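Number of protein chains: 2
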Amino acid sequence: MVELQNDRLLRALARQPVDRTPVWVMRQAGRYLPEYRATRARAGDFMTLCSTPELACEVTLQPLARFPLDAAILFSDILTIPDAMGLGLRFVEGEGPVFERPLTSRSEILKLAPPDPDIELRYVTDAVRLIRKELAGSVPLIGFAGSPWTLATYMVEGGSTREFAKIKALAYTDPGTLHALLDVLVKSVTRYLNAQVEAGAQALMIFDSWGGVLTPAGYKRWSLDPMREIVAGLKREHEGHRVPVILFTKGGGQWLEDIAATGADGVGIDWTTDLADARRRVGDRVALQGNLDPSVLYAEPDEIRTEVRKVLDSFGPGPGHVFNLGHGIHQHIDPDHVAVMVDAVHSHQSD
Amino acid sequence: MVELQNDRLLRALARQPVDRTPVWVMRQAGRYLPEYRATRARAGDFMTLCSTPELACEVTLQPLARFPLDAAILFSDILTIPDAMGLGLRFVEGEGPVFERPLTSRSEILKLAPPDPDIELRYVTDAVRLIRKELAGSVPLIGFAGSPWTLATYMVEGGSTREFAKIKALAYTDPGTLHALLDVLVKSVTRYLNAQVEAGAQALMIFDSWGGVLTPAGYKRWSLDPMREIVAGLKREHEGHRVPVILFTKGGGQWLEDIAATGADGVGIDWTTDLADARRRVGDRVALQGNLDPSVLYAEPDEIRTEVRKVLDSFGPGPGHVFNLGHGIHQHIDPDHVAVMVDAVHSHQSD
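If you read the sequences in order, they're chains A and B. My numbering puts the first residue of the first sequence at 1, with every later residue one more than the last. My numbering puts the first residue of the second sequence at 1001, with every later residue one more than the last.
Since the hints were derived computationally from the structure, they do not count as laboratory data. Any given hint could be a false lead.
Chain A stretches covered by chain B per the calculated footprint, using a threshold of three residues with CB under 8 Å from any CB of chain B [claimed, not checked]:
1) 161 to 172
2) 210 to 216
3) 241 to 255
4) 262 to 276
5) 298 to 309
Every value quoted in this text rests on a predicted model; they were computed, and no experiment measured them. Ideal placement from N, C-alpha and C gives every residue a C-beta, glycine not left out.
Isolated chain A, as found in the complex (with noise of 0.2 Å):
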């Protein structure tokens, strides 16, 4: 393999000093691009895009092109374990993801099996393998995963909710059951982590986006402890590297002492809570990723400009920040600020 020629974000995620703050976006391979439109358009959905390889790379690598990002993040979907399972996941135009057969009963959820990421996931493992050998190792490669909670949600509820009625309703009365689907989701995400780690991801993120929505009890029992389990079962040394696990809860800023406390490398912090709190909260025994509002990017330079620099001084300085956006990209921002955005962030000097 190739050496990598910009180590900042592994070196901020490893708590080492790094010359400028590493910077990446949450989405930055999205809608907001007119190149990723135009790529999408030919795929004609967006599964095609997800499962198509040479498409995948493609995306992944446009906002490279564009802005001097310091990582790469595999442009694939939460969902692909699921639909690996055979649940039929769609993308509803304004409904968001679909599942045709959601799980409706015990006996459904008895009978999942881990999918096996060389075989059902291989166009994943495939454009991991791809786009490391396109990036020829200008910047790392970060691979991802939804949360098991979060896989489960949209496993029971068929799709997008706002009460989380079916998957809470089972928590609540058959605990049993939401926990073998865990179990056999928290065995799938490590197996499919640990792929797309053999095929040259470089560093790792789980994306619990709906850990938020519980209780204190509920939160670490239903999401936080499964990710313990995964992060427990990665790989975290390959190529002679360390490969470091970020967890991102969005709205987990109250329980922020217990994900530091999982063995993650990195925790992502949504823009609810203040860097500086966090950072006083977890001490040094993680890495913080985060945390700009990403409806800042709606402002004008000058804005956007003193808002990373609230943010780059809320965090302070010392090793361990990498910068991102609080949640991903949204669709109708200007690519223009996101230009801005990493400008900023690259030439802050810290007082």
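Given the coordinates of chain A, assemble chain B onto it according to the supplied hints.
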């Protein structure tokens, strides 16, 4: 005025001892009740139900006929104020509230004036008077309004949103205009709540449904400061009694200390914060209201009793707790499960 027979709510909000923890339910008059659905069907549409005092009174009293609740809450909607300002409120099935004329420019915002609660919102104060008469002192009546930030989000977005793109773009690109909007809403909400007090509301609640989508600095500036101004402008004494005010920011668990410092009597807590932690953080400055996860009501009676006990025990002994859900009741809840919850609260003996 007749003597109040059940003053548990008012005593708990004043952090005075009570024989049993008072309980009421956010959206206790709502779609989960068949009698509500019948009245709503008779009304034709939701706004007719809100704006016809006899019908609003009827549905306000329905849950009290079923359950031994310790308070009534005016049946209305948080969006009556912007509707009275001329934005044209409609409720679209499955989509929620929609404004026919959302705010799209600074000049539209500068033209807004606080509605006169005795004219444009007369139907609300009429409903309050009628409900007070019908309650005949059995339990206190809670009046309410939406927070300025929450109202502003709907007025600028034009309806429900997940990204809050327009209102946040306004906050970052033209903060002066957002301030102007919030200023007129502070005046409007203050007058509206004071008119409810004059008409007979014995406690007040401000619902800040969307403060939790802001950054810590944004929350203080755009959501909390306007609420603090309102609290300072409210009549806190009427008919010789204290009129307590409760602030509830959904997703505000990280900012409880700040909310408790506004001068409010009570703070609503959603289910993502442990009540024991909340109490430790706010001390004896305010009463706390909450915080059962509304999804617990999908469970069987035994499990509901267990979870109710956990909430009561997490608050612990001593005065200052009003039991409630952590957010509004879901529409598919079995009313018998609400009966179990209310009974579990009232029969609880703290250790």
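To see whether the hints hold, each was checked on the structure:
1. 161 to 172: holds (count 7)
2. 210 to 216: Our answer is that it holds, as 5 residues pass the Cβ test (under 8 Å) against chain B, meeting three.
3. 241 to 255: holds (count 3)
4. 262 to 276: Since 4 is at least three, the answer is holds.
5. 298 to 309: holds (count 5)
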